[in-house]
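Please construct the entire structure, taking both the sequences and the accompanying hints into account.
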Amino acid sequence: MTQNEVILRHLEQHGKITSIVAMHKYRIMRLASRINDLRKKDYRIESVTMRNKRKHWTEYRYEVSETIH
0 MTQNEVILRH LEQHGKITSI VAMHKYRIMR LASRINDLRK KDYRIESVTM RNKRKHWTEY
60 RYEVSETIH
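Each residue of the sequence shown is one higher than the one before, counting from 0 in numbering that gives the first Met the number 0.
Please keep in mind that the hints were generated in silico from the structure rather than gathered at the bench. Glycine is no exception: its CB is placed at the ideal position from the N, C-alpha and C atoms. Honestly, I wouldn't trust all of these hints.
As the list claims (entries may be wrong) - DSS-like, lysine-lysine: derived pairs with alpha carbons at most 27 angstroms apart:
no. : residue 1 : residue 2
1   : 15        : 54
2   : 24        : 39
3   : 24        : 54
4   : 52        : 15
5   : 24        : 52
6   : 40        : 15
7   : 39        : 15
8   : 40        : 24
To be verified - Restraint ranges, calculated between C-beta atoms of paired labels, are given here:
no. : residue 1 : residue 2 : range
9   : 52        : 0         : 32 to 42 angstroms
10  : 51        : 0         : 25 to 35 angstroms
11  : 39        : 0         : 17 to 27 angstroms
12  : 53        : 4         : 28 to 38 angstroms
13  : 53        : 22        : 16 to 26 angstroms
14  : 53        : 31        : 16 to 26 angstroms
15  : 51        : 1         : 25 to 35 angstroms
16  : 53        : 0         : 34 to 44 angstroms
17  : 38        : 0         : 15 to 25 angstroms
18  : 3         : 23        : 13 to 23 angstroms
19  : 52        : 4         : 28 to 38 angstroms
20  : 13        : 38        : 16 to 26 angstroms
21  : 31        : 52        : 18 to 28 angstroms
22  : 48        : 23        : 14 to 24 angstroms
Shown next as structure tokens:
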């Protein structure tokens, strides 16, 4: 299974993913690049910047019904 397929499966099951989850669970180091690959294949994945007092990160969100396919 390719990294793109792994990420897509995770998004379909959980609706969202972060770089930390991708690294720890799947050993995928370049999540943003893989998300870009999926977007080029017409998957609609939203980037949401999350923040707390000390840090910020990107959460990628996806809804299965939103694909153009």
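*What are the numbers of the hints that this structure violates, sorted from low to high?*
none
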